[in-house]
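There are 2 protein chains.
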Amino acid sequence: MHGASPRTPGTATRGETVPTVPPAESAADVVDVTALLERGRTLAAPVLRAAVERLAAPMDTVAAYHFGWIDAEGNPSDGDGGKAVRPALALLSAQAAGAAPEVGVPGAVAVELVHNFSLLHDDLMDGDEQRRHRDTVWKVHGPAQAILVGDALFALANEILLELGTVEAGRATRRLTAATRALIDGQAQDISYEHRERVTVEECLEMEGNKTGALLACACSIGAVLGGADDRTADTLGKYGYHLGLAFQAVDDLLGIWGDPEATGKQTWSDLRQRKKSLPVVAALAAGGPASERLGQLLAADAKSTDFDSFSEEEFAARAALIEEAGGRQWTAEEARRQHAIAVEALAAVDMPDQVRAQLVALADFVVVRKR
Amino acid sequence: MHGASPRTPGTATRGETVPTVPPAESAADVVDVTALLERGRTLAAPVLRAAVERLAAPMDTVAAYHFGWIDAEGNPSDGDGGKAVRPALALLSAQAAGAAPEVGVPGAVAVELVHNFSLLHDDLMDGDEQRRHRDTVWKVHGPAQAILVGDALFALANEILLELGTVEAGRATRRLTAATRALIDGQAQDISYEHRERVTVEECLEMEGNKTGALLACACSIGAVLGGADDRTADTLGKYGYHLGLAFQAVDDLLGIWGDPEATGKQTWSDLRQRKKSLPVVAALAAGGPASERLGQLLAADAKSTDFDSFSEEEFAARAALIEEAGGRQWTAEEARRQHAIAVEALAAVDMPDQVRAQLVALADFVVVRKR
Numbered sequence: 001m002h003g004a005s006p007r008t009p010g011t012a013t014r015g016e017t018v019p020t021v022p023p024a025e026s027a028a029d030v031v032d033v034t035a036l037l038e039r040g041r042t043l044a045a046p047v048l049r050a051a052v053e054r055l056a057a058p059m060d061t062v063a064a065y066h067f068g069w070i071d072a073e074g075n076p077s078d079g080d081g082g083k084a085v086r087p088a089l090a091l092l093s094a095q096a097a098g099a100a101p102e103v104g105v106p107g108a109v110a111v112e113l114v115h116n117f118s119l120l121h122d123d124l125m126d127g128d129e130q131r132r133h134r135d136t137v138w139k140v141h142g143p144a145q146a147i148l149v150g151d152a153l154f155a156l157a158n159e160i161l162l163e164l165g166t167v168e169a170g171r172a173t174r175r176l177t178a179a180t181r182a183l184i185d186g187q188a189q190d191i192s193y194e195h196r197e198r199v200t201v202e203e204c205l206e207m208e209g210n211k212t213g214a215l216l217a218c219a220c221s222i223g224a225v226l227g228g229a230d231d232r233t234a235d236t237l238g239k240y241g242y243h244l245g246l247a248f249q250a251v252d253d254l255l256g257i258w259g260d261p262e263a264t265g266k267q268t269w270s271d272l273r274q275r276k277k278s279l280p281v282v283a284a285l286a287a288g289g290p291a292s293e294r295l296g297q298l299l300a301a302d303a304k305s306t307d308f309d310s311f312s313e314e315e316f317a318a319r320a321a322l323i324e325e326a327g328g329r330q331w332t333a334e335e336a337r338r339q340h341a342i343a344v345e346a347l348a349a350v351d352m353p354d355q356v357r358a359q360l361v362a363l364a365d366f367v368v369v370r371k372r
Numbered sequence: 001m002h003g004a005s006p007r008t009p010g011t012a013t014r015g016e017t018v019p020t021v022p023p024a025e026s027a028a029d030v031v032d033v034t035a036l037l038e039r040g041r042t043l044a045a046p047v048l049r050a051a052v053e054r055l056a057a058p059m060d061t062v063a064a065y066h067f068g069w070i071d072a073e074g075n076p077s078d079g080d081g082g083k084a085v086r087p088a089l090a091l092l093s094a095q096a097a098g099a100a101p102e103v104g105v106p107g108a109v110a111v112e113l114v115h116n117f118s119l120l121h122d123d124l125m126d127g128d129e130q131r132r133h134r135d136t137v138w139k140v141h142g143p144a145q146a147i148l149v150g151d152a153l154f155a156l157a158n159e160i161l162l163e164l165g166t167v168e169a170g171r172a173t174r175r176l177t178a179a180t181r182a183l184i185d186g187q188a189q190d191i192s193y194e195h196r197e198r199v200t201v202e203e204c205l206e207m208e209g210n211k212t213g214a215l216l217a218c219a220c221s222i223g224a225v226l227g228g229a230d231d232r233t234a235d236t237l238g239k240y241g242y243h244l245g246l247a248f249q250a251v252d253d254l255l256g257i258w259g260d261p262e263a264t265g266k267q268t269w270s271d272l273r274q275r276k277k278s279l280p281v282v283a284a285l286a287a288g289g290p291a292s293e294r295l296g297q298l299l300a301a302d303a304k305s306t307d308f309d310s311f312s313e314e315e316f317a318a319r320a321a322l323i324e325e326a327g328g329r330q331w332t333a334e335e336a337r338r339q340h341a342i343a344v345e346a347l348a349a350v351d352m353p354d355q356v357r358a359q360l361v362a363l364a365d366f367v368v369v370r371k372r
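Going down the list, the sequences are from chains A and B. Number 148 in the UniProt record's numbering belongs to position 148 of the first sequence; there are no gaps in the numbering. Number 88 in the UniProt record's numbering belongs to position 88 of the second sequence; there are no gaps in the numbering.
Chain A extracted, bound-state conformation (with noise of 0.2 Å):
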């Protein structure tokens, strides 16, 4: 799919800015991307807190705590919701089909529901203790509750849209459905992996696109969809968002061992302390080479060391200088931008306003520059 194999090893080091750059003549310069997330955030934000008001105690108040809005003492909060991406784009997606932003707020929120109960049971079957700099629901509430409150979020999500009632809203939620399908076996792939020595650069995209490009996708095509927008221009537009999801993977594959633990929240080398298949590590073992080849024995001894829990910040660094030297940083970079090309290109295929336009570029340029 993607044979390249890069042949210079890139240069910076942790903490340094990840090395995907936007094109020259970036959108982000005449968009104010900022407020464009903050749009999506305000226009979204009271619709899902009332969503989740609906939800019975105690699991109104365990959502509550999930998205930060409660401290664990049931405190108010006012936590690290996230860049809130999901929802500019479904706004911005209604707006692409020539409707009001305001359209796209029921498929903006019910987007934010399904990530969330996707992240409520990833982090239970994953044993991930941490997420947003705080402790994970299962190990504040428990197990049930994070499997209940899950459940509860996918079913509000379905039924925001449905109560609509238009021909739109279940055009809309068949293709949230079919998103969250794709979810899930994202999330068996990555956990079959797990148990495997090699996963290739090919079925590494494929989970990735599951995971992360697939929701995306249906945030960029949603609000068009319930803006009145045929299936052309929805796919069309989903298109977009699909490859989007897998330029912000990428670097959220480059910041989860590079990444400043300052802005990203997570430990030094986080992927690699969790032994993650990500993209840099499959494609550096990909290259081929010494490097490649030396990186490819000390992961396989990892896998059945004991310690590995004890190791120190220097052997942690000394397997990202492998990655680094056998060009999974460059390569992951350099997919970075390919997908990010391909995204925006894809709007070229569909009749919008050209505001929409180079917001929807200034947002894909945005994603592949962020640091967190």
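No wet-lab data here; the hints were simulated from the structure. Hints are not guaranteed to be accurate.
Said to hold, decoys possible - Label pairs and their in silico Cβ distance ranges:
no. : chain 1 : residue 1 : chain 2 : residue 2 : range
1   : A       : T34       : B       : R54       : 53 to 61 Å
2   : A       : G228      : B       : R232      : 27 to 35 Å
3   : A       : D126      : B       : S310      : 35 to 43 Å
4   : A       : A349      : B       : V167      : 28 to 36 Å
5   : B       : R198      : A       : V140      : 24 to 32 Å
6   : B       : A50       : A       : V140      : 37 to 45 Å
7   : B       : P46       : A       : T34       : 48 to 56 Å
Model, not experiment: these values are computed from the prediction. Glycine included, each C-beta is placed from N, C-alpha and C at the ideal position.
Based on these hints, arrange chain B on the given structure of chain A.
Below, chain B without anything else, positioned relative to chain A:
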């Protein structure tokens, strides 16, 4: 809500027929209920199997194990797929709206998928190791697969309906989503009640209405909705299903204590072993009098007991006898009849073919006389 505290204690012992009898002129005399259940099973099974086959590996295998189509080693098995009351009801629901039974099939399958989604997640949350005479999915395939496959079945349920692409399918999915939310609410209540010393009869009925009534209400209305029935008709059929569900659950609660292990596939005194605050228990505790008080003292001590797991048959039998002496068994049997009567009465408000009406009444009768 139901203030009756029975006066005459029941006399039947474990293994005997549950003392809930159909009315003197039973519709079951003229309707072949076995054939009705078989028709539901026969029409729904291939569609259900085809739906499950859409799942990616290993989720398809895990789901096939859960449904009893294969054993833990992956060999074909014709396990006990359950009574299939819900599919039979969904097909009759379509006929009640003047449509062919086949029109109800996607609804029957969607309801079965949601029912099994909830079983997969509830068994994990409750730590239940056995279902239908076999180890539960989390026990055989691990907690992550139980979560993941449950999620996938829930998503599939929506998919099956929404891909019909009709306005009716949207309405049907909305009803299914509402029922699913009620299921989740019921499970949340069930979990919270476990940690409480006392649960009122009203709270128990509300929880059972959510856990059992709501999805049976959906089964009884979804076929009609797919067949084009208006909301009033669907709501009335739903009322029949809701109260049928409460009757069903009251019988289940009786079987959970006094059922024959050979027939139910559960241990003797199953619900008592699990400290379940089921209807006979809460009714007995609410009844007052010496047996009720003695029972209350025993159960309060049991809640704190550290050797509860090693209790003998006799100790559980003593608790069951106190529940019966306090009137909990008889009250629950009467409650099953009350709910049965409300269900059958609801049918009078819907105009439908006489034969369909007789079949719905016969299924209601079947539910209150079943032995497993």
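Hint check:
For the pair T34(A) and R54(B), the beta carbons lie near 41 Å from each other, so the given range of 53 to 61 Å is not met. For G228(A) and R232(B), the hinted distance range of 27 to 35 Å is satisfied, since their beta carbons lie about 30 Å from each other. A hinted range of 35 to 43 Å holds for the C-beta pair D126(A) and S310(B), which are about 36 Å apart. The beta-carbon spacing between A349(A) and V167(B), approximately 30 Å, falls within the hinted interval of 28 to 36 Å.
One distance hint, 24 to 32 Å for the beta-carbon pair R198(B) and V140(A), holds here, with the actual separation near 27 Å. A C-beta distance of roughly 41 Å is found between A50(B) and V140(A), which places it inside the suggested range of 37 to 45 Å. A hinted range of 48 to 56 Å for the beta carbons of P46(B) and T34(A) is consistent with their spacing of about 54 Å.
The structure shown violates just one earlier hint, number 1.
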